[in-house]
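Protein chains: 2
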Amino acid sequence: MNDTAKRPTLRQRTRQAMRDEVSAIATRLFAEQGCDNTTVEQIAAEAGLSRTTFFRYFGAKEDVVLTWLEDLGPALVAAFRARPGDEHPWTSLRRTFDLFTAMNADAPERSLSFMRMLQESPTMTARYAEKQQTWEDLLVPLVAERLAGDLPADRDPAPRALVASALACYNAAMQAWGAGEGTGSRDDLLDRAMNVLRD
Amino acid sequence: MNDTAKRPTLRQRTRQAMRDEVSAIATRLFAEQGCDNTTVEQIAAEAGLSRTTFFRYFGAKEDVVLTWLEDLGPALVAAFRARPGDEHPWTSLRRTFDLFTAMNADAPERSLSFMRMLQESPTMTARYAEKQQTWEDLLVPLVAERLAGDLPADRDPAPRALVASALACYNAAMQAWGAGEGTGSRDDLLDRAMNVLRD
DNA sequence: ACGCCAAGTGGTACTGGGTCCCACTTGAGG
DNA sequence: CCTCAAGTGGGACCCAGTACCACTTGGCGT
Numbered sequence: 001m002n003d004t005a006k007r008p009t010l011r012q013r014t015r016q017a018m019r020d021e022v023s024a025i026a027t028r029l030f031a032e033q034g035c036d037n038t039t040v041e042q043i044a045a046e047a048g049l050s051r052t053t054f055f056r057y058f059g060a061k062e063d064v065v066l067t068w069l070e071d072l073g074p075a076l077v078a079a080f081r082a083r084p085g086d087e088h089p090w091t092s093l094r095r096t097f098d099l100f101t102a103m104n105a106d107a108p109e110r111s112l113s114f115m116r117m118l119q120e121s122p123t124m125t126a127r128y129a130e131k132q133q134t135w136e137d138l139l140v141p142l143v144a145e146r147l148a149g150d151l152p153a154d155r156d157p158a159p160r161a162l163v164a165s166a167l168a169c170y171n172a173a174m175q176a177w178g179a180g181e182g183t184g185s186r187d188d189l190l191d192r193a194m195n196v197l198r199d
Numbered sequence: 001m002n003d004t005a006k007r008p009t010l011r012q013r014t015r016q017a018m019r020d021e022v023s024a025i026a027t028r029l030f031a032e033q034g035c036d037n038t039t040v041e042q043i044a045a046e047a048g049l050s051r052t053t054f055f056r057y058f059g060a061k062e063d064v065v066l067t068w069l070e071d072l073g074p075a076l077v078a079a080f081r082a083r084p085g086d087e088h089p090w091t092s093l094r095r096t097f098d099l100f101t102a103m104n105a106d107a108p109e110r111s112l113s114f115m116r117m118l119q120e121s122p123t124m125t126a127r128y129a130e131k132q133q134t135w136e137d138l139l140v141p142l143v144a145e146r147l148a149g150d151l152p153a154d155r156d157p158a159p160r161a162l163v164a165s166a167l168a169c170y171n172a173a174m175q176a177w178g179a180g181e182g183t184g185s186r187d188d189l190l191d192r193a194m195n196v197l198r199d
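Same order as they appear, the protein sequences are chains Y and R. Residue numbers for the first sequence follow the working numbering, beginning at 1 and rising by one. Residue numbers for the second sequence follow the working numbering, beginning at 1 and rising by one.
There could be a bad hint or two in this list.
[Said to hold, decoys possible] Distance condition first, Cα-Cα at most 27 angstroms in a straight line; then the derived DSSO-like pairs of lysine-lysine:
id, chain 1, residue 1, chain 2, residue 2
1, Y, K61, Y, K131
2, Y, K61, R, K61
3, Y, K131, R, K61
4, Y, K61, R, K131
5, Y, K131, R, K131
6, R, K61, R, K131
Hints were generated in silico from the structure; no laboratory data involved.
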């Protein structure tokens, strides 16, 4: 029982494999016929499990293509922490987002189809925003201690304003990138988005 | 038939009255027992109409307390248009948001309970974000023509980055205001949030 | 005043996401 | 071999949202 921490046990590995496979199938279905036109029943049937079990793996239909976002939270925190403490938070946030732009840099079609999915499915957009909210909540305290504000932490809008704006810039950059069908560098677009706030 | 434009006809006025009354009842129920614990059936029963009719008035359960947001879109556009064309968009956006801070300035409890509702109901937050998205889409083209970018409009992330960040700042300010139980000036908080981006 | 049309209303049934519970299997360990 | 925990599937259930239908009602022209 205490060795489970050392290495992923069999059960955990099969569970992860299951998640990955279901996720792949769902991604394909969503791309083919749209997220909102795909039922959980269909995904479950295609993946060879029951509706019940599907919901044991994923809390909601949309999560099936968004789980990887959650795992990103700690990585974001680490990336931000790795930045020098006297750097301007805005710059640190920009550099933290290198995580995003680097990710899938070799397979832009994946990111593109993801953007398309977001564009055409409001419920997916909503879920996505929810995930980003968790990132925001993770980063806000880190920025807050950088600012060392005179106000009590949660009554100072500044840290949250910085983090939320940075994420908004990221989303704007990605949307512009998607509108251009993936032409142009995501880094350049993000730079432009985040620089226009400080010209 | 062509005089309907002149003055609201009887039907329209009763319709508006109905909306207002149902909205008031729903607001009370949401505050009392939480939004997610309140069913449409309950609202309908309490308001004396059928579930069917409820959905004819409001597209979704949450809309019952968010309809006033939609009507705000054109007002936002007008407020932004009223700003001088050579003003920095960020400043114009700040001034545009005076619409928000002025609204309910006399009845802060209303805004406070609204913030509480947002805090405890993720689905409400999602809907709210959706409404704000429509504001964003309205304002982005206005900012775009101010910037007169070198890129084709929808491939330049800058206008959307500005608008979305401004809204993010507004949300951060409101959240901080809610955390302080309404102490402090919303204008000051919003100023602080939007200035930290440009220190 | 009469009838007509449009708009509004309520009822019913249906889809689909999400939760809960129960019975069954299966795999790991004593 | 037995046991217990974890995982699985099935079914019932709740609720939001949609579609369709029959019915009423209010406004309007003749």
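Against the structure, the hints come out as follows:
1. Y:K61 with Y:K131: At roughly 14 angstroms apart (the allowed maximum being 27 angstroms), K131 of chain Y and K61 of chain Y satisfy the hint.
2. Y:K61 with R:K61: holds (21 angstroms)
3. Y:K131 with R:K61: holds (23 angstroms)
4. Y:K61 with R:K131: holds (23 angstroms)
5. Y:K131 with R:K131: Between K131 of chain Y and K131 of chain R the Cα gap is close to 18 angstroms, so the pair holds against 27 angstroms.
6. R:K61 with R:K131: Roughly 14 angstroms separates the two Cα atoms, so the pair holds.
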